[in-house]
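J.: Can you join these two chains into the complex? Each is in its own frame, and there are hints to help.
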Amino acid sequence: MNWFRDFLLPPGASTHVGEMDGLFMFITWLTVFFFFFNGGLIFYAVRRWRRRSAKEVTPHITHDTRLELVWSLIPLAVVMLIFLWGFKGYVKAWVAPNDAMEILATGKKWVWEFEYPDGTRTLNDLHVPVNRPVKLVLTSEDVIHSFFIPEFRLKRDAIPGRYTELWFTATEPGIKQVYCTEYCGKGHSDMLARIFVDTPEQYETFLREGDEQVRKMPLKELGRLVWENKGCATCHSLDGTRGQGPSWKGIWNQTHRGADGGEHRVNADYIRQSILTPQAVVVQGFEPIMPTYQGLLREREILGLIEFIKELQ
Amino acid sequence: MSEGVLYAGAGHAGRHADYLEEPKGLWSWLTTVDHKRIGLMYMWSVLFFFLVGGIFALLIRLELLTPKQTIMDAETYNRVFTLHGAIMTFLVIIPAIPAALGNFALPLLLGAKDVAFPRLNLTSLYVYWIGAAMAVATLALGGVDTGWTFYTPYSTTTGGGVTLMVLAAFVLGFSSIFTGVNFIATIHKLRAPGMGWFEMPLFCWGMYATALIQILATPVLGITLLLIVMERVLGVGIFDPQLGGDPVLFQHFFWFYSHPAVYIMILPAMAVISEVIPTFSKKTIFGYKAIAFSSVAIALLGFLVWAHHMFVAGISLFAGAIFSFLTFFIAIPSAIKVFNWIATMWRGSISLEAPMLFAISFLLIFTIGGLTGLFLAALSTDVHLHDTYFVVSHFHYVMAGSNLIAFLAGIHYWWPKMYGRMYNTKLAAISSAIIFIGFNMTFLPQFVLGSRGMPRRYFNYLPQFQDLHVASTVGSWVLAAGLFLTAAYLLASFRQPKGAPANPWGGRTLEWETASPPTAHNFEGQPVLQHGPYDYRPEPAPVGVKELAH
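Chains as they are written, first to last, in our numbering: chain A, 1 to 313; chain B, 1 to 550.
It is worth saying that the hints were derived from the structure and are not from the lab. A hint or two may mislead.
As the list claims (entries may be wrong) - Listing some non-contacts, in silico: residues in chain A with all C-beta distances to chain B over 12 Å:
#1 99
#2 157
#3 279
Claimed, not checked - Coverage of chain A stretches by chain B, computed from C-beta distances (three or more under 8 Å per stretch; other residues unrestricted):
#4 15 to 25
#5 32 to 40
#6 262 to 270
Note that the Cβ used here is the ideal one computed from N, Cα and C, for glycine as well.
Bound conformation, chain B alone (with noise of 0.2 Å):
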């Protein structure tokens, strides 16, 4: 079955107990520092969250049903849709490729026995567990309802747990950040050896890019976020007028973050895009410096864009031409990608299981995603679209869309791996289809929602505007459907036997040259790489030798 039997991994040599198995019992799991228990941990808490934040996301479009009230009163429903965006921003997207999947593959990926600092790794889950706790605590005093971007001075003067919020989003950082840490020592010291920058999985640049977002940008969300409290807790005039403070001041901290942030979300899901695409077309990565210094571009670019959210809010003429100038780069590395992908299919020998199939889904996705982002980069567009559910749409097109549907790419790539079991992959790929349909229903109406003037975050909008809500809304159905589908067939995978084999999808990389499920320390021995991480030839070059042109 396995196409990798150049390679044949260790584990076919007799059964080790693998690191599921041993060591026994909770407490085993809960003081683990093995990086692919903490990444499963990681991956569960996530997905828990994605339910309860996608359930959310259900009573927003059911309450949207109707022009006027239909399940829940205004306030209700300002408190759902800022928990909807907190959690799945903070407790969702944001961990869940590099913590969850990042965790699990990267180590394996880089033929490492675990990440360069362990313990900060354990400490990065329970901070992220206080964090969440902290989040949902909030509903005790209350709930929230400043949306999760928190605009003073609304946030400063509202009621409520929002200063529980704000530290939960504080403490939520740190955890983001020690995984950054993290990765970037695993990245620098423990590639195994022959293993050179450029002979590293994709994966591993783009968690690389994604880690200096995480260290450089938290950082200043976290003080922004204590600026908050401050002037709640402490009356300190910062971001009040009425305290002698400044609005938009806090508009600039909180994007000089959340606007990088937004590439902590995609910058990973390319991550996986760029590891599923060449293992099922079975041919080498197109363009593999392009992709990688793409992903640090972007990462770079990232941080001189922020004020493009601000082109309403009063920002000078000439900061607005040079914030539209700048952001208008960021396409030209995302473009690239996919064109770079799309030509690693070209020729190959294409196998559509189902990690195939989200990544498909991805490509669609993402360049709607992408090009919707024009409109919003551009300024007299973007003065009419800003605010309105095209952003919503848009961004929902990035993060969720793209994001998700990468991650969901990931879980299905590495679920025999994680777990040494096969998933129904009939079921998967029509699962696959049915997320892809109902994410567009969901989504695409939207866009003209927003085009035709419907702005963001109203709990009453004008009867106009029904027809299109109404699709969106039974599209969110769809999408659900395809997600609970996907949620029972991964569970009921674990009613099979273990037997999954080693190299399943015949990757090259070296994840797939250990067993289903790995041993605790992931190879018998150090593996030493023997040729690059995408070649597919019969007779792979060896590494640290210089190919000929082609």
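Just chain A, with the same shape it has in the complex (with noise of 0.2 Å):
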């Protein structure tokens, strides 16, 4: 019955994967058995004894002891298995290896930044080697935030002013969808991360000159990328709507009013400051709210972004 399984869930690819695949089934069997278990006596007793005349007379059934019985510790025997199993699971999930590689991945409104343990620093991608148990520990910047990769069967809340952790050990190279899952605000549902599961080499080389594909990609194209996965386009459209942030329709060579009154022309100076120093001109009528991408962009990517923007007219 694969079918079934590959139908509810998503392909798995972590080592987690099959202890919970095995109980999910498990139960979605039962489920599925006691709802047409039930269901099927019901619609038996209601062909069988339905009313046919107002004098029938029913029998004087208080209860039986034996069967109430039976009824009671069957099914409590069935759920001090799945209990078992559960705990299982979970076990193994929530106690990482000694000799996982330890990266820490930090939630704010609404990007997720991971640190390596060579201080290279990524918004939203997350690197890791295949076949390699890697523990990731979660915090965050704001609210809560959650951090849940499906095909991994994994999450663990991000929570401000504490750590938590959750580690994996990925079965395939591949790249897999994070999403967050503690609601917290505006942009939760955008605040999607991906997981790249590189090959060793693949990987030593993302650790020496960044994403391969990034390197090799035309400056605009990378800025469009970059707009999409660091968590610009969260805040900044490209169609004219207002956002938390100014859209980015258009505005090259416009002038920007400070909320300080003064007056700026919107060139590649411009970008690059606002970028790495957001507090330093605030566009009038938008709260301070951009945290700044010092150390979490390449400069590739900031050259990127002005070539975008340069031309969204």
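T.: What follows is the structure, given as structure tokens:
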């Protein structure tokens, strides 16, 4: 019945999958069985003992201790089995092996920031080597977020002022979707990240030179990618819609009025400054809520954004 | 027509003015202390807010028809789902059965003239209205975007009318506590002569268990909500880590109330079903004591399981294990009840009137709702499913499907007693089927959405989830059509003459022994219990005499 599992669950790609999927399918079949069992009994009773005359007399059966013990103890045995099964998987997912590589993941409205053992930092794209245990230490800078990787069957809240942990061994190279699953406001549903499960060689190259795809991309395309993936899109629209921050449509060479009243021409320097020290000039009518991207974007990515904005007429 | 001729009500002997007719005028309703009138005013208030909350639900489903913006922006969407949740929880589901049907039926079932504290009862209704007005007034302050769970530190840092909404929930808590106090006192002191604890209809046991939770758990919510207000208004650091607080503490406090509150929602539903099934099976309830004690067991166990909402929120491995273990024990009394209801139907004389059709819908929907709870009680599966649409679907099966369908079963069961009028029974049968189908169409796809990884409270979603969202949205239209049909024929029944007999369904409990509708004092004189609540034998055993074991 693999088709049924594949219908209900996303493909699995971590060492936690087998444990969880086995229990999931067990309870699923239990649910299906009891639904049809109870439904069948009700259907049978209604067919068999439908009232035919108002004078019908029914037997006066108040209880049956043996029967009641049966339908208390059998469910009890089944749920205890489920408890132990679930507990076993939970313990395994809880305790990371000692040799796990540690990556710090910080949630903030509405991006995920990752910091690797060698100090490399990335936004929303997490690179991990395949077949190696990785431990994520989660925290948050503002409200509670939650880090959910369906294909790994894992989730853990990121809580401000605390550290929580989550560990996995990815079993196949590829890109995995990450969702924020603790409601965190306007951008909650756009707080998406991706895990790039790399081969050991790809991972080494990534640490040395950054993402391969990104390195080869033309600047303008890179700019769009950065806009999509690094959290810009959450606040800055491309079509003139007002968001938490000013839209980028047609702003190149225009004049922005700052909250202090000063006028600023939108040119390469201005864009660079707005990315790295966003509070330096806040456009009138907007809140000073943008976090700094200092150290989070490579030089080439900033150039890409400038080229991208230039073209947005 | 009535099969309960043996105990034909006093109402047949000449008409006295019923409680609806005397005294007359709006003022007499607003100042009434009659539990039946208060029950009806609660019922219409709850139905009004069910309409409002339902419209929000339809807007949510419509927005989710496409993966990006459909009819509203993200900020509006967040306000709409918050209001949907807050209205449905605090203004609809919690008061629906206890405050509306319980107020109407409990004293009648006990053979009492009224509840123990009639003025407190009216106060509870006014407190409910004040709380409701406060909740609606938050719209003028820009709405609330926290979700009905008010998780900190989001709720203590976001803008809008959070403080007012939290105070509204605080006020509504008192309305719930007043009802609980009243029911406990009524059940202890006002049972008819001859009615021991085990001769009470099971509805009363359900109400008793509910009242216990209302009294013991609601104050914790009240305190928690006041702490939020203190943090928001006075800047006292309790939950916000920026101020030195602990956000997870809020979750402990909140679920210490709100998990028992789930049983405030399901126990009354079970209470209604325990009345409907014996009446329409014309057979005594199977396992009376097992059902009665199961209600109390669920109420007490309900206090020991709150942290199963927090398996991924950073609680310790040990705490997770304990709370998962305890949670599974809830499954046992729930299973016992379902099997007892089916055993009651077994070898009965089953009549498929509208209340019974709703009760059968309840059995099927509750079976799904209960069993899908196992996925969330088990630790490893909960890690995957927590905060996804699987959870959304599970709690709608239990809170919306089971509770509201039982509420409908109760309304259809007692409607002739409330108004002395019968609704169109054919349309009622059709609408029960439409509601059952619509409900499952709406929420079955959400289980699959969740297990595939679709998180809850998402405004935008990835295109791979669209098919199931469309199915769910279409289902919501079917469900709405069924509910509007129900509203239509219930309202149309007011054009029927007042001709409903005292005992239209052949029930054996005391409310069927008085006229439909009853007089203001319920019974002519003090009724004395003659036989057990579900004794359908031609010559029932008099109560107080020990029955031989079967």
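J.: Work down the list of hints and note, for each, if the structure agrees.
T.: Against the structure, the hints:
1. 99: Since the minimum Cβ distance to chain B is about 20 Å, residue 99/A lies beyond 12 Å and the statement holds.
2. 157: violated, 5 Å
3. 279: holds, 18 Å
4. 15 to 25: holds (count 5)
5. 32 to 40: holds (count 4)
6. 262 to 270: violated (count 0)
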